[in-house]
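Which chain is which? The protein sequence lines are A and B, in order.
Here UniProt numbering is used: position 176 in the first sequence is 176, and no number is missing along the way.
Here UniProt numbering is used: position 19 in the second sequence is 19, and no number is missing along the way.
Keep in mind that the hints were calculated from the coordinates and are not lab data.
Treat the numbers as computed from the prediction; the structure is a model and nothing was measured.
Treat the hints loosely; a few may be bogus.
No copy is singled out in the list; a pair is fine if it fits within one copy or between any two copies.
In silico SDA-like pairs for lysine to any residue, Cα to Cα no more than 25 Å straight-line [stated by the list, open to error]:
(1) Lys158 x Ser112
(2) Lys157 x Thr19
(3) Lys158 x Leu208
(4) Lys158 x Asp221
(5) Lys158 x Leu189
(6) Lys158 x Thr135
(7) Lys158 x Arg32
(8) Lys158 x Glu33
(9) Lys157 x Glu187
Number of protein chains: 2
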Amino acid sequence: MGIQQPTSSPTAYTPTDRTVPTRSAERASYDRELVHAILDEGYVCHLGFVREGAPVVLPTLYGRVGERLYVHGSTGSRPLRMADGADPGLAVCLTVTHVDGLVLARSAFHHSINYRSVVVHGIAHQVTDPEEKRTALDALVDHVVPGRSRDSRPADKKELAATAVIRLDLDEVSAKARTGGVNDEPEDLSLPHWAGVVPVRREYSAPLADADLAPGIGLPDYLATL
Amino acid sequence: MGIQQPTSSPTAYTPTDRTVPTRSAERASYDRELVHAILDEGYVCHLGFVREGAPVVLPTLYGRVGERLYVHGSTGSRPLRMADGADPGLAVCLTVTHVDGLVLARSAFHHSINYRSVVVHGIAHQVTDPEEKRTALDALVDHVVPGRSRDSRPADKKELAATAVIRLDLDEVSAKARTGGVNDEPEDLSLPHWAGVVPVRREYSAPLADADLAPGIGLPDYLATL
């Protein structure tokens, strides 16, 4: 019999062999609130799966509902077909990364990036329940622009049938972050090189309305505060 | 005997089974200039590999030198150990994605993202030649901030020994992009929902100088124009 795995706590995910990094372990966290915050700040993930023995990494949209992530796509797309409900599911690794700053040290060696990332390992399954599918699709739209799903036409039967959604439980999860300034060697501090951090962020420009907008439709509040 | 693969042309990569997408094939491109431009605009990639049969996707820095990409890390890190020169190499998928806009359609179904991405498939090998390693490390620093490698202390012997670099040839490569506005169904155009595109870009804030900066060091030109 194997060793009994501890149950995940209400506040933290349980570390596993593959969520404990081999390096910079002090940057890792299993805190649920931190993981949720990093996930909720993004909407594009990089989804990895194995196809004919080789890795594939594709950028795709995702949404979160509690302890579940959802990814959607055409019913014809490869990972979604592979995660078909009839199958045992598809082993995936879903990663979300935010770049917060460029760390320019005096030494090339200590150059780095301030970032926050979440890595989720698990088995993705196709969502077959129509109610769960609708909830997932709303979450996907609202992840990009909070409040948007209520201000758009919901998917009709044909669109729902053409959309595949896969579910990935947040179970084997870790967050990793680097924050702060440069970490130069003491003997390098007097070198004649500028050192410091250049903050990076995602910036939205003014929304560009579609030329065919129905008359009298102004910019919604949820876009003004994006 | 298998079918002879055409040789990559000077201007385009040769499509393969896994670089021809199963959907939205019209968004795919194999143009070298476009691929290089997308790669050169970024510095964080998502590197996928297979570990004990399961996919792993990690964010990491990369640099490009001609038709080669370089990724570096501690000699103790998993993918770099797995790509050790004594091995046959490590099968990887390296993906770079830029988000350019949120596409808000009147229908939930037609919501999308404007993006540009590059996906590289191949076998990564450890760089053992010291000259190539130095060139790769300079490229990694200059990819983040062009011109920075000349304004920092190069890695010394100990640092070089502690850094592993892997090389991935640009051979099996595709770019994919979505551009433009919303694609609503004609019968949805009169719906009372705002529709359009919200442009997204990466924005740098004013650099924050290290508190221990040597006296008389101003902000370098290459940071003022970042």
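*When no copy is specified for Lys158 and Glu33, does a C-alpha distance of 25 Å or less occur within a copy, between copies, both, or neither?*
Neither: 37 Å inside a chain and 39 Å across chains, both beyond 25 Å.
*For Lys158 vs Asp221, is the C-alpha pair at or below 25 Å within one copy, between two copies, both, or neither?*
neither (31 Å within a copy, 56 Å between copies)
*Classify it for me, Lys157 with Thr19: is the Cα-Cα distance of at most 25 Å met within a copy, between copies, both or neither?*
Neither, since 39 Å and 32 Å both go past 25 Å.
_For Lys158 and Ser112, with the copy left unspecified, which applies at a CA distance of at most 25 Å: within, between, both, or neither?_
The answer is between: 18 Å across copies meets 25 Å, while 48 Å in one copy does not.
*Classify it for me, Lys158 with Leu208: is the Cα-Cα distance of at most 25 Å met within a copy, between copies, both or neither?*
neither (29 Å within a copy, 53 Å between copies)
_Homo-oligomer pair classification [Arg32, Lys158; C-alpha up to 25 Å]_ = neither (37 Å within a copy, 39 Å between copies)
*Identical-chain pair category, Lys157 with Glu187, by Cα at 25 Å*: Between copies only: 16 Å across chains, 67 Å inside a chain, cut-off 25 Å.
*If the cutoff is 25 Å on CA atoms, where do Lys158 and Thr135 land: within, between, both or neither? Let me know, please.*
Within one copy only: 17 Å inside a chain, 54 Å across chains, cut-off 25 Å.
*Intra- versus inter-copy proximity for Leu189 and Lys158 (alpha-carbon distance at most 25 Å)*: between (64 Å within a copy, 18 Å between copies)
Of the numbered hints given earlier, the model fails hints 2, 3, 4, 7 and 8; all others are met.
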